[in-house]
Structure formats: C-alpha cells, structure tokens
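S.K.: Single-letter residue listing:
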Amino acid sequence: MSTTAMAFPGNRAVTRRPRRVSGFWPTSPALALLIVFFVAPLLGLLLRSVLDPHPGLQNYAEVFASTTYLRIFMNTFIVATVVTTATLLLAFPVAWFLAVAPRRWASLLFAVIILSMWTNLLTRTYAWMVLLQRTGIINKTLMSWGVIAAPLPLINNLIGVTIGMTYIMLPFMVLPLQGTIRSLDPATFRAASLCGAGRLQVFTRVFVPLVASGIGAGVLMVFVMSLGYFVTPALLGGTSNMMLAELIAQLVQSLLNWGLAGAAALILLVVSLGIYAIQFRFFGIRAAGEVE
Amino acid sequence: MLLDFDRLGALRAVLSGIAVLVGAFLLLPVIVIVLLSFGSSRYLQFPPPSWTLHWYTDLFNDPDWLASFATSAEIAIVVAIVATLLGLMASFGLTRGRFRGRETLRAVFMTPMVMPVVVFAVALYALFLRLQLNGTFIGFVIAHLVIALPFAIISICNALEGFDKSIEDAAVLCGASPLEAKLRVTLPAIKAGLFGAAIFSFLASWDEVVVAIFMSSPDLQTLPVRIFSTLQQDLSPVIAAVSTVLVALTVLLMVIAAFFRRGKPA
Chain A
1 MSTTAMAFPG NRAVTRRPRR VSGFWPTSPA LALLIVFFVA PLLGLLLRSV LDPHPGLQNY
61 AEVFASTTYL RIFMNTFIVA TVVTTATLLL AFPVAWFLAV APRRWASLLF AVIILSMWTN
121 LLTRTYAWMV LLQRTGIINK TLMSWGVIAA PLPLINNLIG VTIGMTYIML PFMVLPLQGT
181 IRSLDPATFR AASLCGAGRL QVFTRVFVPL VASGIGAGVL MVFVMSLGYF VTPALLGGTS
241 NMMLAELIAQ LVQSLLNWGL AGAAALILLV VSLGIYAIQF RFFGIRAAGE VE
Chain B
1 MLLDFDRLGA LRAVLSGIAV LVGAFLLLPV IVIVLLSFGS SRYLQFPPPS WTLHWYTDLF
61 NDPDWLASFA TSAEIAIVVA IVATLLGLMA SFGLTRGRFR GRETLRAVFM TPMVMPVVVF
121 AVALYALFLR LQLNGTFIGF VIAHLVIALP FAIISICNAL EGFDKSIEDA AVLCGASPLE
181 AKLRVTLPAI KAGLFGAAIF SFLASWDEVV VAIFMSSPDL QTLPVRIFST LQQDLSPVIA
241 AVSTVLVALT VLLMVIAAFF RRGKPA
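So the protein lines, in turn, are chains A and B.
Just so you know, the working numbering puts 153 at position 153 of the first sequence, and the rest follows in order with no gaps.
Just so you know, the working numbering puts 30 at position 30 of the second sequence, and the rest follows in order with no gaps.
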C-alpha cells in the first residue's frame, strides 16, 4: 500500500521527489513465487542442457544431427503453420460476422464460441477422438454416403492433430479479430467509397490494412501456442509422428535424458519468446496474450 | 458498406453461412459427447441404439473418479483464493507503485502465460523431484498458482486502472486510515475485477493438465490427469459422462458470469 500517495499538498511535494521507490513491496510475494518456482527451475533446466551428462554442447549437436529430431521439428512447424492458416481463414469471416451482424445473432454465436473455449480441453480432445476414430461418426457417415469405401485414417496421425488443434485454437483467433473489426470507424469506409473506391478496393486497401494488427496478434499467438502444444498431439497424434512438446515430455518421462530435454526446451523457448518479442515490437504489449 | 450488415449484399449470405457452419463446427462435438454419455453403446455408436444412465452410475460409484473431482476442486479453490490475494497486492504495486522498471515487472508477471506449458512442466518437475513435492497437494497448488497468477493480475489491474484513486484519497482526508480506505472504499469498487480474478484462476487450475501429468502420483490425481490417462488406454463412455458433467459446470459458470456482468453498472 502506498502511504506516500496521501492527498496532503505538502506531503505530495515531498513524495514527488524523483528516484524514491514506493509501492514495490506489495509485488514481492508474487515476485518471490515466480522467482523460486518459475525462473529458477527454468534456468535449472536450461543449464542441464549444457551440463548434463557432462559440460559441453553435445546435446545441441545431437538434436541438430539426428534426422529423427529434425523430423519432429518439421512436423511441429508444419502443423503449427497449417493450424494457423486454417484458423485464420475460418476466423476472419466469423469475426467479421460477429462485429456487424444483428446483436441477437452475434451474441448467440459469441456464446457458442465462449462455451467451446471454456469447455475442458480434454473434453474437446476426447470429442474429436470419438468423431475421428475408424468406426467414428465421420468415417461412418462418409461410408454410408458412398464417398469412401474404407475408413480414412483420421486419427493417430498429423491429420487428426491438425483438425483437433484448429478446433481448439479457433476462439483465440476469433476474439482478437472481432475486437479489431468492431473498433473500426464506418466513416472511414464511407469516405473510401465516396472517393470512388469499389467494394473490392475498400476491402483490400482499407479493411485489411486496418485489421492487420488484429490479424498479426491472432496469427502470432495461435502459431506460438501451436508450437508448444502438448495435450492434443499426445492424444490425437501417433507415436511415429511426434511433435516437439511430446518429445520433451518423452525425453524426461521415459528416457530420463535431462540434457537433451533441456536442449529441446531451450529451442522451443527461444523460438516462442522470439516470436512474442516481434509481437511486442510491432503490436505493443497489450496485444500479446490478451484473450478478451 | 463493409461494416453495415444490411448493405453487404451477397457477402451477407456468405458471412452468415460461414458463421453458421463454424458455430456448428464448434458446438457439434460437444453435443455429440453429451448424447453419447446417455447412449448404451460401449463402443460409442452414434446415434446410440438405446439410452441409459449406466455410465453415470459407473462414474458416481467409482471412488477414484470422485476422489479426482474432489482433489481438483480443492486445489482450484485454494489456487483461486491465493492467486487473487497475491494478484491484488501485485496489482496495487503495478498500477500505483513508483519505481524503476515497473512496466518490465508487469511483463515479467505475464511470462508464465506465454511460456510453452510443457517447458515449465518439465522444469518444475525437476525442481520438485529434488524438493520431494511431486504428488503433493502443496506442489499442485504452487504449480497452478504460477499459471493462474497472470490471469488474476490482468483482471485486477484492469479494475484498478478503471478506479478513480481520488475517491480513496477523499476517504483518507475524511479520516480513514490508508488501510481502511483501501478495504472499505477501493476493494468494494473493484469487486468485479476480484471476482473475475478468482474465476479465471479457478479455471486455470481446474483445467490444467500438462503440469499435473508430470506431478501426479497414483494417490493424488487431478481430474484432468485421470481423464488423460484413461484416454491413453481407451475411449470409455465413462469419459463422456465426466465430460457432460464438466460441460454442465461450464454452462453454469457462464450463466453466473453473465449474471454478474449484467449486475455491473454500464
């Protein structure tokens, strides 16, 4: 509590003197928690990547030399890219609809999105395991329509992971986008068409540039979240096509190879935080991680 | 033009069509699971051949499932309370403090939210191996606190920034002690933010699975961990029943949240 900020004129003159620290201590319990149980263990893990089993960079050499690990990096990158693209393509029209549609319809769709987002992650993943399995509804329906003769392999591979993750990431793309579209001033659009711009021109030269920051925020957030995602790939993916988060978990849980796990974790961390740093730079701190 | 729904022309049909499809895409899986939880087919045939409450009786007669429910709830409640308290203190410092690096500190507090959870999970698991905190109640609480804290801080900081501090100063001028002014003037004014912090912290802990997978022991499993490990073996319809209970709780929570939002002026 900042007793220095009391509203006595004389007092205020004293406390306004620069370089005086006040109001820091209330943050200290939370900060202590973070240092002991967040920063320290992370540093510990990253240190093990260069110390375990013995000092040196051999863990990094091993990660980059092995085709198995490189394939896992590729898998992760491809899935994250496809998921991000798919969510953007689906989310853009939805966000547009949310921003302009009659209030009743917009709030109904909004409620569906929030319900989906707040539904337990495992429930949603389970739903897709049921839908996508060999004897699942999707395969059965397609077969009864005669579209396919045999069940498609939709699960235990990267197709299943991509579908499940698109489903889970969609709200994270819709929400920032609809916020941006809603904040646009219709007068700008009227001005553009008064100046003779056609509909397509207004779209490409006014609309898209104005929502670019929202798109950027959504794309970066979904991409980074997809890179480090664990649960959905672990359940919908197969053992032969792992993603990076699964690799880290497996290195620790089954192989007890802390050095390699630390190296893989550092790579994931550097890429993720690097992308967020770009976001801070171009879109400001507020845009990052702001869900609603 | 493009922002006026009635003047979108053909685009209006396109946007509405996609909105309906995406709405269905988001909703249908959840509906299917709810229906299947009442279906009699062990192999999750859809539409179900007949209806039953069998999976619910299985669920509620299984002490392991009930224990996981209780464990998750206990952890999440403790996390919600502690995260709101720590978040409240930190938010006072972050919104009103005058010290160098305040904005940096705010960004630091947000880092657990942007960190890939699996990295944090592995790191904390290693530390807890040493401290022997894996599989303990306090271990779960600590881990989920780190994850919940950013949500609490965002919610409370927003509320504090929207509160006019001169009202608190006025209370002090009228003779209240600074602490009294905070307790009786500021806290009631930001209670929506505090409530939001508690709800989001609760949910962050209640839904958390990655860290919990690493930390859980056979004796102490949170609900998500039990679901996860069951799913790794088979797609039992009991999971559909658990899921339906969770969906019902989510809907309840949404209704409560909507109620609070409505009760808030403006």
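Simulated from the structure, these hints should not be mistaken for laboratory data.
One thing to keep in mind: the hints can contain errors.
To be verified - Computed Cβ-Cβ distance ranges for the label pairs, DEER-style: (1) 149/A <-> 42/B: 49 to 55 Å; (2) 258/B <-> 140/A: 35 to 41 Å; (3) 22/A <-> 217/B: 41 to 47 Å; (4) 137/B <-> 108/A: 37 to 43 Å; (5) 104/A <-> 217/B: 30 to 36 Å; (6) 203/A <-> 70/B: 51 to 57 Å; (7) 162/B <-> 140/A: 38 to 44 Å; (8) 39/A <-> 51/B: 50 to 56 Å; (9) 108/A <-> 233/B: 37 to 43 Å; (10) 54/A <-> 40/B: 16 to 22 Å; (11) 274/A <-> 25/B: 29 to 35 Å; (12) 217/B <-> 274/A: 46 to 52 Å; (13) 258/B <-> 25/A: 16 to 22 Å; (14) 240/A <-> 233/B: 47 to 53 Å.
All C-beta atoms in this analysis are idealised placements derived from N, C-alpha and C, irrespective of residue type, glycine included.
S.K.: Which hints from the list above does the structure break, by number from lowest to highest?
M.R.: Hints 1, 5, 7, 10, 12, 13 and 14 not satisfied by this model.
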